[in-house]
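Whole structure, please, built from the sequences with the hints as guidance.
In this note's numbering, the protein residues as written are 38 to 120.
None of these hints come from the bench; they were simulated from the model.
Accuracy of the hints is not assured; some may be wrong.
[What the hints assert, rightly or not] With a Cα cut of at most 25 angstroms, we get these calculated DSS-like pairs of lysine-lysine:
1) K55 with K66
2) K55 with K92
3) K58 with K88
4) K96 with K106
5) K96 with K55
6) K82 with K92
7) K92 with K58
8) K88 with K55
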Amino acid sequence: MNENHKPSQANNPLHGIKLEKIVTDLQEKYGWEGLAYRVNINCFKSDPSIKSSLKFLRKTQWARDQVEKLYVDTFFKNKPNDY
Numbered sequence: 038m039n040e041n042h043k044p045s046q047a048n049n050p051l052h053g054i055k056l057e058k059i060v061t062d063l064q065e066k067y068g069w070e071g072l073a074y075r076v077n078i079n080c081f082k083s084d085p086s087i088k089s090s091l092k093f094l095r096k097t098q099w100a101r102d103q104v105e106k107l108y109v110d111t112f113f114k115n116k117p118n119d120y
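Laid out in structure tokens, this is it:
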């Protein structure tokens, strides 16, 4: 491999992180009520579960984008890059 070759996902903090881990980590940090407050989607409001949230987020890109942004803002903001 060429030394100057950079991985295509080098600037993507979510690379290698599964959606299930994202939802689980956010739920543990904020709880369902806190998640519903931060991302206004019904899967966090009405009888929430990891399974139902994953099902919805895998089908609904705009909602997944909001959840991923919250994850990055929560766990990666103001942290030095390891790259």
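Hints, verified against the model:
Under the criterion of a C-alpha separation no larger than 25 angstroms, the hint pairing K55 with K66 is consistent with the structure, at around 17 angstroms. Between K55 and K92 the alpha-carbon distance is near 13 angstroms, which keeps this suggested pair within the 25 angstroms criterion. Proposed proximity of K58 and K88 is supported: the alpha carbons are some 12 angstroms apart, at most 25 angstroms. At most 25 angstroms may separate the alpha-carbon atoms for a hinted pair to count; K96 and K106 meet this at roughly 17 angstroms.
About 15 angstroms separates the Cα atoms of K96 and K55, which keeps this hinted pair within 25 angstroms; it holds. For the hint pairing K82 with K92, the CA-to-CA distance comes to about 15 angstroms; that is within 25 angstroms, so the pair holds. At most 25 angstroms may separate the alpha-carbon atoms for a hinted pair to count; K92 and K58 meet this at roughly 14 angstroms. Taking the CA atoms of K88 and K55, the gap is near 13 angstroms; set against the 25 angstroms cutoff, the hint holds.
Every hint, counting from the list given before, is met by this structure.
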